[in-house]
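Protein chains in written order, with this note's numbering: chain A, 8 to 120; chain B, 204 to 315.
Don't read these hints as lab results, they were simulated from the structure.
Derived DSBU-like pairs (lysine-lysine); straight-line CA-CA distance at most 30 Å:
1) A:Lys48 - B:Lys255
2) A:Lys78 - B:Lys252
3) B:Lys271 - A:Lys47
4) A:Lys51 - B:Lys255
5) B:Lys255 - A:Lys43
6) A:Lys78 - A:Lys43
7) A:Lys51 - A:Lys29
8) A:Lys48 - A:Lys74
9) A:Lys43 - B:Lys280
10) A:Lys59 - B:Lys252
11) A:Lys29 - B:Lys302
12) A:Lys48 - B:Lys302
13) A:Lys48 - B:Lys263
14) A:Lys48 - B:Lys259
15) B:Lys252 - B:Lys302
16) B:Lys252 - A:Lys48
17) A:Lys51 - B:Lys263
18) B:Lys271 - B:Lys255
19) B:Lys259 - A:Lys51
20) A:Lys74 - B:Lys302
21) B:Lys259 - B:Lys302
22) A:Lys43 - B:Lys302
Here are some chain B residues the structure puts well away from chain A; computed CB gaps all over 10 Å:
23) Thr208
24) Asn225
25) Thr229
26) Asp258
27) Lys271
These numbers were taken from a predicted model, which means no experiment stands behind them. Beta carbons: idealized from backbone N, C-alpha and C, even for Gly.
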Amino acid sequence: DTAVSQTPKYLVTQMGNDKSIKCEQNLGHDTMYWYKQDSKKFLKIMFSYNNKELIINETVPNRFSPKSPDKAHLNLHINSLELGDSAVYFCASSAPRGSDTQYFGPGTRLTVL
Amino acid sequence: GNSVTQMEGPVTLSEEAFLTINCTYTATGYPSLFWYVQYPGEGLQLLLKATKADDKGSNKGFEATYRKETTSFHLEKGSVQVSDSAVYFCALWGSGTYKYIFGTGTRLKVLA
Numbered sequence: 008d009t010a011v012s013q014t015p016k017y018l019v020t021q022m023g024n025d026k027s028i029k030c031e032q033n034l035g036h037d038t039m040y041w042y043k044q045d046s047k048k049f050l051k052i053m054f055s056y057n058n059k060e061l062i063i064n065e066t067v068p069n070r071f072s073p074k075s076p077d078k079a080h081l082n083l084h085i086n087s088l089e090l091g092d093s094a095v096y097f098c099a100s101s102a103p104r105g106s107d108t109q110y111f112g113p114g115t116r117l118t119v120l
Numbered sequence: 204g205n206s207v208t209q210m211e212g213p214v215t216l217s218e219e220a221f222l223t224i225n226c227t228y229t230a231t232g233y234p235s236l237f238w239y240v241q242y243p244g245e246g247l248q249l250l251l252k253a254t255k256a257d258d259k260g261s262n263k264g265f266e267a268t269y270r271k272e273t274t275s276f277h278l279e280k281g282s283v284q285v286s287d288s289a290v291y292f293c294a295l296w297g298s299g300t301y302k303y304i305f306g307t308g309t310r311l312k313v314l315a
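For reference, chain B alone in the conformation it holds in the complex:
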């Protein structure tokens, strides 16, 4: 079945540091891939997505590239801010399944 594996956190960085959160997946067919962000006390918000191989999703300085050869969708940001502190979820939407498979979430803490 489909699955998503995400690096365990927490990840603690200083402001302006480079961020990478690893995400790999297992899926049949051609899934779409997503990153959602959950700020403290809130629901999940879509951060970015990619629907086919080699697509790059980007938003708010975050980027992730759909790599079919390595079955990965790693999240990156060149310079994190304190306001980026949140839990980040990698997710897969399998074609024809009408549901997400979420990773376990990675908590990011950015220190001033």
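In isolation and in its complexed conformation, chain A is listed as follows:
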């Protein structure tokens, strides 16, 4: 059983489009995260939700909107995609809030043409 899953694994799209990436965890965790990994492998947190409540929102353009329908899901919607959004996006989860061990999904490679 996959603990943290993401769909799709690859996403290729044109500039200006809107796209979503889905994340689900079956670990029963309360806290979920989105990270962006750029082409140089630099990894930076974008958002964190705890029990559907936003607790971390790093300096991310408001074209990025996370949505958590329940504590097992955290989706990432991106409007008006730009070339610079090309990256690998990782979802992660942890329990409880403040737990310092996170479980990462396999990543979604987004390519904006």
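Following the hints, put chain B in place on chain A, whose structure we already have.
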């Protein structure tokens, strides 16, 4: 603010060689320190961690000791294998911050 500095790669070693990947940090308070590993095409996996000064984390033959006096958490392995080829990330979890600060990652390539 908190930060993590990691040695730049890539690091290329022959099988059975000794590995050291340097990591130093800057933090207020008493952070926890981690090493995560990312195999090709996969997400990050926790390799080991240490939560207080002088703690040693270890897993799969890898070790790292939390050194407060030198603000370091260097990763070591006595004899690397081809299967250890991956990107290794040092990370800091600041108390009360609920988030990681990652280093830039070090790519390790082990040749047979």
